[in-house]
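Protein chains in written order, with numbering that gives the first Met the number 0: chain B, 0 to 303; chain V, 0 to 339; chain C, 0 to 233.
Calculated from the structure, these hints are not laboratory results. For each residue, glycine too, the CB sits at the ideal point set by N, CA and C. Among the hints, erroneous ones may be present.
What the hints assert, rightly or not - What follows is a set of in silico ranges between Cβ atoms, one per label pair, in the way DEER data are often shown:
| id | chain 1 | residue 1 | chain 2 | residue 2 | range |
| --- | --- | --- | --- | --- | --- |
| 1 | C | VAL122 | B | PRO2 | 16 to 22 angstroms |
| 2 | V | LYS121 | C | GLY132 | 45 to 51 angstroms |
| 3 | B | ARG61 | V | TYR296 | 32 to 38 angstroms |
| 4 | B | VAL166 | C | GLN84 | 49 to 55 angstroms |
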Amino acid sequence: MGPWERLPQLFAYGLVSGSVITLGAIGLSLTHSILRFANFAHGDLMTAGAYIALGFLLVFQRIPALRGHFGRLSFGPAMIPAFLLALLGTGILAIAIDRLVYRRLRRARPVMLLMLSVGVAFVLRNLILFSAGADPYYYSHRIQRAIHILGVRLKVDQVFIIALGFVLVVLLHLFLTRTRIGKAMRAMADNPELAQVTGIDTERVIAWTWGIGAALAAAGGILSGIENKLITPQLGWQALLPLFAAVVLGGIGSPYGAMAGGMLIGITQELSTAFISTAYKPAVAFGILVLMLILRPQGLFGRR
Amino acid sequence: MEILVGILNYFVFFSITAGIYAVVTLGLNVQWGYTGLFNIGVAGFYAVGAYTSALISGPPPGSLDWRVFGGWMLPFPVGLLGSALVSALLALFIGWITIRLREDYLAIATIGIAEVLRLIIKNEAWLTNGVWGIKNIPSPLLGPIQGAVRSFIASHPGMPPWLERLLAGAYDWFYLLLVLGFLALLYFTLERALRSPWGRVLRAIREDEVAAAAQGKNVASFKLQAFVIGAALMGMAGSLYAHYARFLSVEKFEPFYGTFIVWVMLVTGGAGNNKGAILGAFLIWGLWALTDFLSGYLPLTDVQTGALRIILVGFLLIVIILFKPRGILGEERFVSRLLR
Amino acid sequence: MPLLEVRDIRSGYGDMEVLHGISIHVDSGEIVTIIGPNGAGKSTLLKTVFGLLKPTAGRVFFQGQDITGLPPHRIVQLGMCYVPQVDNVFPSLTVQENLEMGGFILRGDLRERLERVYRLFPVLRERRRQRVGKMSGGERQMVAMGRALIMDPSLLLLDEPTAALAPNLVTQVFESIQRIRDSGVAILIVEQNARQALEISDRGYVFVDGMNRYQGSGRELLADEEVGRLFLGG
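Bound conformation, chain B alone (with noise of 0.2 angstroms):
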């Protein structure tokens, strides 16, 4: 099959590493528009995430009515609970991390937080190193059959990872755009002075934008360990280049900016292997994240 032929598959599988890469962005874009600085460490917490679940999983297992598995999904009712406990212990992390380390700073040089994040990275990524071993973990080893839809092959926990994937935005949209936090998360990004002067709890905001950002990202990491099987702690570390360069594509300042920048990011990466090698996957991240950089650096909808 030439290279050509191959781009609709490919196009599917962009689809769904896509899904991943856009829950990871978003929260990389909440943290970045509404505390001001780029999160080194933002892949760590997917795979926080992702081995925090692995923890709940296992535990969970244990118990002989939550084993098995939904239909042709690889995973059964013990992801459910070890999901969302995931999820919640991941965005308490990232508070504490906040109140311990960069809150110190908030009124610093974006430069000086960086740095810091790339110091938080490291540790945190040593710290599941140190405790899990460096040797991949799998979520599951059952193996799946593809299925046919709209002419193109995919898992069914493919297709699920994209249609929790849109949940899971569609949920966030809502929280931005009906709850009172998520609204003050909105001015924030805009204008974190004004908010100030309007008598907004900036602290509390901020405690917010850290948890439901790392809580998607621990949705990414979770999805990602079931995508691939299995998980490492490389895992976000790695992801972090197509996490940028969704970011910048979709324009700093921008959640919505940072969904749209991951689908592309996912499906060109893809659409990319027809071409060149997987290995260069992020290097196509990085093309276009410079690309960006230099013809459009406020990114598709970016307004800053």
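Given the coordinates of chain B, work out where chains V and C should sit on it, guided by the hints.
Showing chains V and C alone in chain B's frame:
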């Protein structure tokens, strides 16, 4: 006596590596400490310098090698200059595209570059031999020095064993002198350069870009110069490393060893201070060696001790930035304290 | 007892002192305007009163309580709101959302409060689902003031509310300010459009170089020859 010699030899080995890192840190200091360019892709330039030197001054591809390129066995100084040149050209190309970017965008771009370079080194085996690395890189004057030592030992049969052991490490002594000499030369050159009008412009740019531009300085051009010079230094450090270790593999240029640890060195010693850069390099490498030594006493697996050591360094960076962001020596003073 | 009392305030930015001992007061239900040349410290005073700047000396009393150095969100809770000169709305939020942000710290329903603001500014009711970023300067100014009024403050601080507005809009804004005062809110204004501001003010102060040079009722200041010559364009 034997033990003393062992310690001494280890110290020499330690100092060589610390010295090489000091060169990298000085390069980063030019970029960040003096010009405010946030380069998280240090490992990229360091690696490029190392591989270039290996390809220029290293052995031709062997029968088991995947690579088909390079290995001209040219003298070490050619390799050294070649590594500086190639790193500089790479920095010129990258910098020309990215130098006008905001600080955090530049950081993202440089991390991407380092990652792309890492992928190339890992995958383009025809050039770099991929994950199998490049072996048998010659060290300068290795043969002659070892030959001289051997004949000296042979002509003095009654030599005590500890002296023999000491002399056996003579090559490393030579290399240490080479590295330290290079470091000293670098230090004095940089100190002079940074007190010159050129250096003043760099510092002005770091303080307030807009003001500097308003004074008619071509900010982008100066930034690019600093970026390129810093990269050349990193490349040369890579060359020094390649010809000492005699073997190159991708692991030594992973983000931690190639970039992160250098940042910790610079921040600890004091960004904006050449003495601080060198001090930081020796201190942090010393800490690293110490943790290596101590970890032998802990009942942990290799992976765990490795992770623990990195956690310690990461933690150190966080603590320093939060509580002593100027590092130990702080910024270099170019104006007398008495002048207010 | 005055609603707001400022005693011997010294304040500034970093090493630079801008206010060299300012004392003013505002009584309930009155409009007080501060005029003066650029750099005289007018905006600095508002920011110091509202807690955005910490004074180096002097005290600020609000409703009898010492509020010197309190952070803005505490001052908002006490019943004083501030409308900055620039960037005083959230551009990507709708009109209604901007107003809602004004009541962020309040529990419960904001509908009554929103109603009150919409009655004061009917135009905003029509456009309540529009994104503020796309609105004109005059309308944005209304949103900014409306946002501050959601908290039902006793004192409103306005920093150059008519800056960069067309003349007919300037009149509109001054009319709105009067309506706000009529609803029971005291207002402290810093203004460049000195003449029109003084015309609607009960009292005024003239700041020059960080000190209070003239004060009096609106009418007195308007009639004063020297004030007129120096600051009102003759």
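Structure-based check of each hint:
no. : hint                                     : in the structure
1   : C:VAL122 to B:PRO2: 16 to 22 angstroms   : 58 angstroms, violated
2   : V:LYS121 to C:GLY132: 45 to 51 angstroms : 47 angstroms, holds
3   : B:ARG61 to V:TYR296: 32 to 38 angstroms  : 36 angstroms, holds
4   : B:VAL166 to C:GLN84: 49 to 55 angstroms  : 44 angstroms, violated
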